[in-house]
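These protein sequence lines are chains A and B, in that order.
Using UniProt numbering, read the first sequence as starting at 1 and increasing by one per residue.
Using UniProt numbering, read the second sequence as starting at 1 and increasing by one per residue.
Any given hint might turn out to be false.
[Unchecked claim] When the alpha-carbon atoms are kept at most 20 Å apart in a straight line, the in silico SDA-like pairs for lysine to any residue are as follows:
#1 B:Lys-468 <-> B:Glu-504
#2 B:Lys-234 <-> A:Asp-5
#3 B:Lys-378 <-> B:Met-419
#4 B:Lys-854 <-> A:Ala-206
#5 A:Lys-255 <-> B:Ile-868
#6 A:Lys-255 <-> A:Phe-198
#7 A:Lys-204 <-> B:Ser-865
#8 B:Lys-315 <-> B:Ile-258
#9 A:Lys-359 <-> A:Gln-293
#10 B:Lys-854 <-> A:Trp-200
#11 B:Lys-331 <-> A:Arg-8
#12 A:Lys-204 <-> B:Glu-855
#13 B:Lys-331 <-> B:Gly-341
#14 B:Lys-597 <-> A:Arg-28
#15 B:Lys-174 <-> B:Asn-184
#16 B:Lys-854 <-> A:Phe-199
#17 A:Lys-303 <-> A:Cys-331
#18 B:Lys-854 <-> A:Asp-35
#19 B:Lys-57 <-> B:Val-15
#20 B:Lys-843 <-> A:Trp-200
#21 B:Lys-839 <-> A:Phe-199
#22 A:Lys-204 <-> B:Lys-843
#23 B:Lys-854 <-> A:Arg-34
#24 B:Lys-839 <-> A:Trp-200
#25 B:Lys-378 <-> B:Pro-323
#26 A:Lys-303 <-> A:Ile-337
#27 B:Lys-696 <-> B:Ser-706
#28 B:Lys-331 <-> A:Val-6
#29 A:Lys-255 <-> B:Ser-865
#30 A:Lys-204 <-> B:Lys-70
#31 B:Lys-70 <-> B:Gly-121
#32 B:Lys-854 <-> A:Ala-30
#33 B:Lys-57 <-> B:Ser-102
If you're looking for bench data, these hints aren't it; they were derived computationally from the structure.
The primary structure of each chain is shown beneath.
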Amino acid sequence: MAPHDVRRPFKRPAISDQERRRQHSLLRQAQNRRDAQHHARCLASTVLSLPTLAPEPESSPSENPEPWQENLDVLGASKLKAAEARKWFAKQLMHPEWMIDIPNNLSQDWFVFSRPSGKRCFVVSCNGTTISRLRNGSILHRFPSALPAGARKKDSGPSQTYSILDCIFHEGDQTYYVIDMVCWRDYSLSDCTAEFRFFWLNSKLAETGACDLPSRYHKYRFSLVPVYSCDSNGLYAAYSAPVPYVKDGLLFYNKHAHYQAGITPLALVWKDENCSQYVMDTDSKGQVPNQQQVVLELQDDGKLTTSDDPPVVFGCLDGSFIQQSGLQSGCLLRFSIGEGGIVLMDGKLEKADLHYLGKANRARASADSFSKVMFQYSVRHSPLRIDGLLESVSISVDEENKACDIEMDG
Amino acid sequence: MAMEVTQILLNAQAVDAALRNQAEENLKQFQEQNLPSFLFSLAGELANDDKPAESRKLAGLILKNALDAKEQHRKIELVQRWLSLDVTLKAQIKAFLLKTLSSPSLDARSTASQVIAKVAGIELPHKQWPELIGSLLSNVHQLPAPTRQATLETLGYICEEVSPDVVEQDHVNKILTAVVQGMNSTEENNDVRLAAIRALYNALGFAQVNFSNDMERDYIMRIVCEATLSPEPKIRRAAFECLVAISSTYYEKLAPYIQDIFNITAKAVREDEEPVALQAIEFWSSICDEEIDILEEYGGDFSGDSEVPCFYFIKQALSFLVPMLLETLLKQEEDQDQDEGAWNIAMAGGTCLGLVARTVGDDIVPLVMPFIEENITKPDWRQREAATYAFGSILEGPSPDKLVPLVNMALNFMLTALMKDPNNHVKDTTAWTLGRMFEFLHGSALDTPIITPANCQQIITVLLQSMKDVPNVAEKACGALYFLAQGYEDAGSASSPLTPFFQEIVHALLTVTHRDDAVESRLRTAAYEALNEVVRCSNDETSPMVVQLLPLIMMELHQTLESQKVSSDERQNELQGLLCGCLQVIIQKLGSSEPTKYHFMQYADQIMGLFLRVFASRSATAHEEAMLAIGALAYATGADFAKYMTEFYKYLDMGLQNFEDYQVCAITVGVVGDVCRALEEKVLPYCDGIMTQLLKDLSSNQLHRSVKPPIFSCFGDIALAIGENFEKYLLYAMPMLQSAAELSAHTAGADDDMTEYTNSLRNGILEAYSGIFQGFKGSPKTQLLMPYAPHVLQFLDSLYMEKDMDDVVTKTAIGVLGDLADTLGSSAGPLIQQSVSSKEFLKDCLSSDDHLIKESAEWAKLAISRAISF
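This is chain A alone, in the form it adopts within the complex (with noise of 0.2 Å):
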C-alpha cells in the first residue's frame, strides 16, 4: 500500500509514433482480410452463376471453345480482348419466348411490361467505366454513369465492384430502360427469382443517381419500366397505359424464374399491331414480304435448325446443293414459308414449305428461335389477340373465387 504515484504525460503527443504504426499495420491488415473476404464472396457467386449457364447453340461448332472461356466471371471476362469479351456477352442474355400459347396460372405467377423499342443490351459499369454491348457482343457505347463505379468519381464507392443491367437502348429519348438486373455491386442476381431482381431493381437502381438527368459523370439516363403482376388490371395497364418510350410488344416473365442466359420458356413475348410497330417481320427495306421468312442454321449433317436448346429441325438440305451453293455448316440461311405451311402434329413440328432464299444479314447472331417462327406463322392465319389475354386472366380469378364460394358452403 505503498502511495499512488501520479505522473501524467508531459510535453508528449497522446499517441507514439510507433503505436500509430501498430495501428495503421493492423487497420491494413483488417482492410486487406474484408477485402480477401469480399473477393471471395463475389467471385464465388459469379463463378458458380453465369458460366455455367448453358450456351446458345449458334456459338460456332466450327470452332473449339476455349476452355477457359468456360469459367469465366465478369470480372475476368472485361479484362478479355474485344472479339473474345463480343462472344462471352453475347451469349450471356435471357431471350424470351414467343407466347404462342398462354401458360397456366398467367395471372399469378406471371409479370408483365410493354417492352421499349430500341437496342437490347447488356450494361456493365466497373472500374470506372460503363460499357454497354448489343445482343452480338460489340459495344453500344462506353460512358460514364452514376452506376456503381461507373465513373471516375471520388464518391462512387470501391471501384473493383461490378454491376450488370439488362436494358434497352430508346433512341428517342437517348435513355437506358433497365428491364433486369443480372448483377449488383459484386453480387450476382442470376439465381435470384425475376420477383426479387424487380424488388432489389426497384429498390437500388434510384439509390445511385443512375435515374437522374444527364450530367457530367452520367453520359445517358436510366429508367425502369413499370412492371404489372399479371392479372386484368396489370396486363390492361402494360398493354394500354401511356409510357415514354416507344413500345415494341408485351414481356411476361414468371416470377419464379432465374436469369437463365439463353432462351428461356420462363419469359415471353407477345405482340399485336397496337402495341408494336414491328408485328410482322420486315425484310432488309423495312418491308413486310408477302410470305413470312426465317433464319434457320446449317448443321454439319445438312439439317437446317433453329437457335433453341435442343435446336428443333426444321429441313434439311443436301448435300450437292450445299457444295453448289458454297455453303458451310454454321450458317445463318433465310428461307420462305410456301403456300404448304407449318404443319404440326401434338405440338411437335412434322413439315414445313421451306424455299431457300439465300444467306442471311451478317449481323445477325443467331437462327430463328422456333417459338418465333411459330408466332410469326400465327401472326399470319390466326393471332393471339389482346382479348384472348384478356379473357385468360380473369377466368383464372373466377375460378378461385367459384372454389372458395364452394368451401364457404360447404
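Place chain B on chain A using the hints.
The following block gives chain B in isolation, referenced to the frame of chain A:
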C-alpha cells in the same frame, strides 16, 4: 512436523556466495520434498517472536511467493497447489499468520499482513476462510496500536487482493466501520491513522452500497476531508489520494461536497508540501477526465437517459480554478526539461490546465489570455515560460474560431522566441506550443489556414534551425515538424506547400539523427518520427525523393548490423527499431502506387535480407518493428514474396512462439495473415508448421489473452488462402473454435474491458468461420463442413439473443450466416430455416443504420435465398 529453518534462512542472506547458494539449494530441496512441512515451518518461523528478524522476514517472503506469481500460468498453478493442501495444515498456517499481527516486530507484522491477503485472495473466492474478516475485526479498538495498524493494513491488502463480489456486504460494512474509525481525528496514533486511510483507498471499490446511503457517504466524506487537514503530511497526502480515487469512482455523488473540496484543494495547492499539492491538483485533473469522458460519450446531448450526468463541476469552478493553476505554472524547476523523470507542481498544474481547456472549451480563453499578455514579455524567464505554457495548454479544446485569430497574432512572436530567447526552457516550451498549434489548428479540416504560402517558408526555416539547438529544444522542433507535415497528410496527390522544402527537411532530419547527442531527450526518436510523417505525406512530386531516401535508410540499418558484431547495446537495438519503422513507412508509401512500387521493388531482396538480420538481435522492439515492416513488404510484393519464405519461415515460427513478448507474437500472427493473402495457395507448404504453432498458442495459458482473437482470424486467412486444403486442420481447429465460441457466447456480469475482449474474441472466431466457409466454396469437399454447421448456427443464435454484440461483430456474424449458406447451399437450407433467430437477425441487420452491416446482410440475404430456393 516443523523443521528447523532459521539457520538456512539466515544463510540464504549471507554475504558468502557459497554459503548462500548452498542455503538456497537446501530450501529448494525442502520445498520439493515436503511442501506441507516446508510451508508450515516457514509460517512457524514468521510467527515466532524468539527468532531473528531477518529469518522471519525471509520466511514470510518465501511464503508469499509460494502463493502468488506475476505470470498468469504460474499463478494458477500456485493457487491450485494451495487449494489442494490439507485443511488442517492450512488452518495451522493461517493461525500462525493471524498471531503474527500482534508481534512486537514491525517487519513481521507487515509481512504477515501481506501473506494473509494472499491467502485471502485464494480462499475467499472459493468461499473458504469465512471467519477471516470477523476474527480480524473482533475487539479491534481494544487492541494495542501496533496490532491495530497491522490489522488495518491487512484489511487494505485484502481489499487490494480480492474482488468486491466475494466479500459479503455485512463484512464490507464492518471493514468500512473499522477503517473509518481508524481514520478519525480522535485516533491519536498517526501510524494507525495512515494505515486506515490507505486501507480506505483500497476499500473504496467495495463501498458502492455505502456510498449510495447519504448518511454513510456524508460520514466517510467528512472523515476523508478532515484527514486532509492532519498535521502529518503523509496523512494529508493519503487523504487526497482517497479524494482522487473517489472522484473517479463516485463522480456522480460528489455534488454536495465539491465546494468544500475546492477550498481544501486550493489551500493545499497554494500552501502545502509538493507531494500533497500534486495530489490536490490531480483531484481536478481526474474530474476533468470524468467530464471529458461523459461529454464525449453523449456529445453534450443529455436527453435524460444518459447513465452518468455531467455536473459541470469544472465549468462552475472555472473562475477560481484557472487562476490557481496559472499560479502553479510559475513554480518551474530549473532543469525540468532535461530530466525525463521530473514531475513537479508546475508540470501538474499545466497538465491540469490543458485538461480544463478540453473540458470547457471556449470559456477558458478569456481567463488565460490576460495572464499570457502580462507575462510573455517579462525579463524573468519563469514568467515567459509560464505564459507560453499556458498558451500551449489551451490550444486543444476551444473552437478554431476562438483560437485561430490568437494563433495568427502569436505565431510570429513564437517563431522569434524560438530563435532568440536566451532561455532553453522557454525555447523548449515555445517549440512545443508551435507543435500544438499545428496539431490542433492546421489541416485540411479547418476553414482558415494558419499556415499560408506567405509564412510557410519562415516556419520551416525556424524549425530546421531549431533542430540544431540543444537536444530537448531540437526534440520539440522535430515534434512541431511532425504535426506540420501531418496537416498535409490527406491533401492527396495535390501539390503541398512542403514540396519545395522536401529535400531540405529530409536532409535536416537525417542530420539530427546523426548528432552525437541524438540519444538525449529522445531526440533521435523524434527525428525519425518526423521523417516518417514527412514520408507519409509525400506526393507524386516528392515521391522520387522518397525513392532516394530508401537506400540511405537501408545503409543506416546495414551499418547498425555490422557494428553489432562488435558491441550490442540497447541503443543500437532501439536504432534498429526506428530504422525498421522508417522502412515500413517507406514501403507502405512506395507500394501504394504502381510507378513508385516499381522503383521500390528493385530493393526488395536487399531490404528483406536486412530485416532477417535484425532478428539476430535480442531486442523485442527491434523484432516487432522488423516484423511489421515485413508484413508491409509482403503486402507490397504479393505472390513474389514466396521466394523469401524458406529463410523467413524460421523467424515467423520464432515469433509465433514468443509468449514472453506477446506484442511480437501478436504482430507475427498479423504477418501470417499478410503472407497468406500475398502467397495464396503457395503458402500451403508452410501451413503445417504455422497451424501447429497457432494451435499451441491457443492452448497455452502463458500467452497473453489479447493474442488469441487475432489467432482465430488468422485461421480464416489461412483457410481462405489454401481452400479445401484446410481439410486436414478441421479436426483440430473446429473444436477449438467451438469451445471458444461457447465461452464467448455470454458476457453476463462482465465489466467493460471483459465485454470488449469478448467481442474481439467473437469477431476472431467469426472471421475464422467466414474464411473456412469461403475457402471451401465450390470444392467437392464442402460436405466436410456440414457437421459443424449446426454449431455455427447455434453460436449465431446465442449471439443474437445475448444482444450485446458490437457493430463489428454484428457485421462479421451476419456475413458468416451468408458464407455458410453460400458454401453449403441447399444442404444448409433446412438448418437455416430451423434456426431460432436467423430470420430475425437478418431482418434487424437489413434495417441497420450501419452501412457495413447492411451490406453484409444484403449479401447474406442473397446467399440464403439461393440456398433455400434450390
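So, going through the hints one by one against the coordinates:
A C-alpha spacing of about 14 Å is found between Lys-468 (chain B) and Glu-504 (chain B), which places the hinted pair at or below 20 Å, so the restraint holds. This hinted pair checks out: Lys-234 (chain B) and Asp-5 (chain A) have alpha carbons roughly 13 Å apart, not beyond 20 Å. About 17 Å separates the Cα atoms of Lys-378 (chain B) and Met-419 (chain B), which keeps this hinted pair within 20 Å; it holds. Taking the CA atoms of Lys-854 (chain B) and Ala-206 (chain A), the gap is about 17 Å. The hint holds against a cut of 20 Å.
Distance hint between Lys-255 (chain A) and Ile-868 (chain B) is fulfilled; the C-alpha atoms sit about 16 Å from each other, no more than 20 Å. A hinted pair counts as satisfied when its Cα atoms are at most 20 Å apart, and Lys-255 (chain A) with Phe-198 (chain A) qualifies at roughly 9 Å. For the hint pairing Lys-204 (chain A) with Ser-865 (chain B), the CA-to-CA distance comes to about 18 Å; that is within 20 Å, so the pair holds. Using a Cα cut-off of 20 Å, the hinted pair Lys-315 (chain B) and Ile-258 (chain B) holds, with the two alpha carbons roughly 12 Å apart.
Taking the CA atoms of Lys-359 (chain A) and Gln-293 (chain A), the gap is near 12 Å; set against the 20 Å cutoff, the hint holds. For the hint pairing Lys-854 (chain B) with Trp-200 (chain A), the CA-to-CA distance comes to about 14 Å; that is within 20 Å, so the pair holds. A distance of roughly 18 Å separates the Cα atoms of Lys-331 (chain B) and Arg-8 (chain A); the hinted pair therefore holds under the 20 Å criterion. Using a Cα cut-off of 20 Å, the hinted pair Lys-204 (chain A) and Glu-855 (chain B) holds, with the two alpha carbons roughly 12 Å apart.
Between the alpha carbons of Lys-331 (chain B) and Gly-341 (chain B) the distance comes to roughly 17 Å, so the proposed pair stays at or under 20 Å and holds. In summary, the hint linking Lys-597 (chain B) to Arg-28 (chain A) is supported, as the alpha carbons are separated by about 17 Å, within the 20 Å threshold. Our distance criterion of 20 Å between C-alpha atoms is met by Lys-174 (chain B) and Asn-184 (chain B), whose separation comes to about 16 Å. At most 20 Å may separate the alpha-carbon atoms for a hinted pair to count; Lys-854 (chain B) and Phe-199 (chain A) meet this at roughly 17 Å.
Between Lys-303 (chain A) and Cys-331 (chain A) the CA atoms are separated by roughly 11 Å; this keeps the pair inside 20 Å, and the hint holds. Using a Cα cut-off of 20 Å, the hinted pair Lys-854 (chain B) and Asp-35 (chain A) holds, with the two alpha carbons roughly 16 Å apart. Between Lys-57 (chain B) and Val-15 (chain B), the direct Cα distance comes to roughly 17 Å. Compliance with the 20 Å bound is thereby established for this hinted pair. Proposed proximity of Lys-843 (chain B) and Trp-200 (chain A) is supported: the alpha carbons are some 16 Å apart, at most 20 Å.
Taken as a hint, the Lys-839 (chain B) and Phe-199 (chain A) pair is honoured in the structure, with Cα atoms around 19 Å apart against an allowance of 20 Å. With a C-alpha separation of about 18 Å, the suggested pair Lys-204 (chain A) and Lys-843 (chain B) falls inside the 20 Å cut-off, and the hint holds. This hinted pair checks out: Lys-854 (chain B) and Arg-34 (chain A) have alpha carbons roughly 15 Å apart, not beyond 20 Å. For the suggested pair Lys-839 (chain B) and Trp-200 (chain A), the alpha carbons sit about 19 Å apart, so the restraint of at most 20 Å is met.
With a C-alpha separation of about 19 Å, the suggested pair Lys-378 (chain B) and Pro-323 (chain B) falls inside the 20 Å cut-off, and the hint holds. Straight-line distance between C-alpha atoms of Lys-303 (chain A) and Ile-337 (chain A) comes to about 16 Å, which keeps the hinted pair within the 20 Å bound. At most 20 Å may separate the alpha-carbon atoms for a hinted pair to count; Lys-696 (chain B) and Ser-706 (chain B) meet this at roughly 15 Å. Among the hinted pairs, Lys-331 (chain B) with Val-6 (chain A) is consistent with the structure: their alpha-carbon atoms are about 18 Å apart, no more than 20 Å.
Only pairs whose Cα atoms come within 20 Å are accepted, and Lys-255 (chain A) paired with Ser-865 (chain B) is accepted, the gap being roughly 14 Å. At roughly 57 Å between alpha-carbon atoms, Lys-204 (chain A) and Lys-70 (chain B) are farther apart than 20 Å, so this suggested pair is violated. Between the alpha carbons of Lys-70 (chain B) and Gly-121 (chain B) the distance comes to roughly 14 Å, so the proposed pair stays at or under 20 Å and holds. For a cut-off of 20 Å, the pair hint linking Lys-854 (chain B) to Ala-30 (chain A) stands: about 19 Å separates their Cα positions.
Proximity of Lys-57 (chain B) to Ser-102 (chain B) is assessed by CA-CA distance (about 15 Å); at most 20 Å being required, the pair is judged to hold.
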